[in-house]
Amino acid sequence: MDVAALFPELAGQSRTTVRLHPRRGAPTAADSSMGGPLLWPADEPWPHCEARQHDDPSGLGGRVAMVPILQIYQRDIPELPFPTGTDLCQVLWCPVPHEPDYVPPLHVTWRDSRLVTDVLVDAPAPIESDTDFLPSPCSLSPERVEEYQSVWELPARLTKKIWEWESSPDNPEGWEYQSHLSTASGTKVGGWVDWIQDPYPMECDHGHEMQHLLTIASWEHDAGSCRRWTPLEEQHLLGPYQVPELLEPADIMIGDAGSMYLFTCLECPDRPVESISQCS
382 MDVAALFPEL AGQSRTTVRL HPRRGAPTAA DSSMGGPLLW PADEPWPHCE ARQHDDPSGL
442 GGRVAMVPIL QIYQRDIPEL PFPTGTDLCQ VLWCPVPHEP DYVPPLHVTW RDSRLVTDVL
502 VDAPAPIESD TDFLPSPCSL SPERVEEYQS VWELPARLTK KIWEWESSPD NPEGWEYQSH
562 LSTASGTKVG GWVDWIQDPY PMECDHGHEM QHLLTIASWE HDAGSCRRWT PLEEQHLLGP
622 YQVPELLEPA DIMIGDAGSM YLFTCLECPD RPVESISQCS
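382 is the number of the first residue of the sequence shown in this note's numbering; add one for each residue after it.
Think of the hints as simulated: they come from the structure by calculation, not from any bench. Treat the hints with care, since some could be wrong.
[Stated by the list, open to error] Only pairs whose alpha carbons sit at most 16 Å apart, straight line, appear in this in silico EDC-like list of lysine to aspartate or glutamate:
#, residue 1, residue 2
1, Lys541, Glu390
2, Lys541, Glu524
3, Lys542, Glu390
4, Lys542, Glu557
Please put together the full structure from these sequences, using the hints given.
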């Protein structure tokens, strides 16, 4: 369906997002992955969460080791805005929820993979964890799709027009703009944000508007969006019951089927990253 032809007000407003399609696998440190091992230098300290402290004789001061959530190589997803001299983005989070939002704090590292010659074999295990934040290792299958703004970001007049079309005879297949024609669901890079609640503008410490970097999603789709966003190769698996490997491939849960949205500043050379989360 040509969305811009259907709603001319959206002409020129599409953005390309890279859907990552994580699926259970056995990725290595040389692969882009979700929940897989990282290409981490053996002589570089592993990130620990400073906010979680315990009595611990290990010498680490009781800090909880962070766990890998995403590793993305530039060769696989060049759309990610890598800082000059880097080709690898690594995202880790604390495997326990933090108040007041009960979401895991993030740590993002940009690096030049060619400089990593001695790779850390065994990452430290966290001394505390919540199974909702321990992702199962997944390989990625990037797919580029065009998407449009969430209905929550559109002018009221256009929103009214969309709602009238959805219930009109011109839409005999019952498509819904928000679920099927706007933002792609699931874990993805770039594009428009698939907001669960109201849109939230982000600024860096220097006052620059930040851009959507990537989304880490609990679910790849919901009951409404699966009709549109399940890959054609897997639609035969859809039925009255959700297939866990399709719905929650990494087996994570952020709040109540929520998502974490990461934003970066394209004006700052070090590409600072901030995040917020939303859930149903």
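Legend entry - Holds or violated: Lys541 to Glu524, with C-alpha atoms at most 16 Å apart: Between Lys541 and Glu524 the Cα gap is close to 31 Å, so the pair fails against 16 Å, i.e. violated.
Inset, instruction - Starting from Lys542, check that the Cα of Glu557 is at most 16 Å away, please. - result: This hinted pair holds, its Cα atoms lying about 12 Å apart.
Legend entry - Pair hint outcome, Lys542 versus Glu390 [Cα-Cα no greater than 16 Å]: Distance ~10 Å between Lys542 and Glu390 Cα, so the pair holds.
Inset, instruction - Compare the distance between the alpha carbons of Lys541 and Glu390 with 16 Å, and conclude whether the hinted pair is satisfied. - result: Roughly 13 Å separates the two Cα atoms, so the pair holds.
This entry does not satisfy hint 2, going by the numbered hints stated previously; all others are met.
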